[in-house]
Amino acid sequence: MSGEVKKNSGSLPRFSPNTDIIEKEDGFHIYMDMPGVQKEDLVIDLKENDLAISARAVYPRMEKVSNVHLEFGDCEYSRSFTISDVVDRENIKATLKNGVLEMFLPKAAKAKPRKIEIEVAQD
Amino acid sequence: MVIDFSSFYNLPRQLDRFFDEAWRPSMISQRRNAYPPVNISEDKSNIYVFSEVPGVDIEDVDITLSDGSLVIKGNRKHGTGNYYRQERPAGLFQRIVNLNVPIQADGVKARMKDGVLEITMPKADEAIPRKISIKAE
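As given, the protein sequences belong to chains U and G, one line each in that order.
Once you know that position 61 of the first sequence is 61 in my numbering, the rest is easy, because the numbers rise by one and skip nothing.
When you read off a place in the second sequence, starting at 1, and then add 123, the result is the number in my numbering.
Okay, chain U solo, but in the shape it has when bound (with noise of 0.2 Å):
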């Protein structure tokens, strides 16, 4: 197996990677398929309330070999996400397991439920 060849990006098709996302008790859970993604590869871009992700995937090249049916190929990954204050910036993890990202976005400690007492009024 021959090293990888770097394209120019821009030059790759791009995708919109598959996403999950799930709320648990203690924050949301973002899913990502990325297969063929390094780590090297993914960039996570948060600005304000802006969330961005973009990666890409460079298939290993190999040398004398004939391609007999293609469905699928090096590409680029992108998609962004908008997020509101209830979501705690600071701790935001990510990890990529598996050609899958998973983020995880915890719920900022203000943000948990508060039960709002209704008062009844006296004429």
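Among the hints, a few may not be true.
What the simulated footprint calls covered on chain U by chain G, stretch by stretch (three residues with Cβ under 8 Å from a Cβ of chain G suffice, anywhere in the stretch; the number is not a length) [to be verified]:
{"no.": "1", "region": "19-27"}
{"no.": "2", "region": "33-44"}
{"no.": "3", "region": "64-76"}
FYI, nobody ran anything at the bench for these hints, they're computed from the structure.
All residues carry an ideal CB built from backbone N, CA and C; glycine is no exception.
Fit chain G to the known structure of chain U by using the hints.
Just chain G now, with coordinates in the frame of chain U:
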């Protein structure tokens, strides 16, 4: 609501996607039509099958080789909780790759890296082309 996932505000992305699909290289035309996507290539002595199965452990993949075909079977589990968005396919999947050459079954190797399954199948001896030297008299 915390995360803006409403489809009402998604128009720019949908337009992007439309143009992406239109300008996509024709070679990768079958992407996303079948799950999981499969690439097949070969050289003189091996057949290589690659498949994108992100989030699946190699223990959950079942690869069987029967006469003339390779079957990739597996199960993608999904998490529990309140789903706000679910786009990642989950559940059982299976793909069959037809092989037109005999394979040395005991030499088949499979590994998983970054969510890509890689299967290397050595061709059986009788399938490898051989040069026959001709002696001049």
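Status of the hints after comparison with the structure:
Here's how the region 19-27 of chain U fares: 6 of its residues keep a CB closer than 8 Å to some CB of chain G, so the rule of at least three is met and the hint holds. Under a criterion of three residues with beta carbons nearer than 8 Å to beta carbons of chain G, the stated coverage of the region 33-44 of chain U is upheld, 6 such residues being counted. Beta-carbon proximity to chain G at under 8 Å applies to 10 residues in the region 64-76 of chain U; the threshold of 3 is reached and the given coverage holds.
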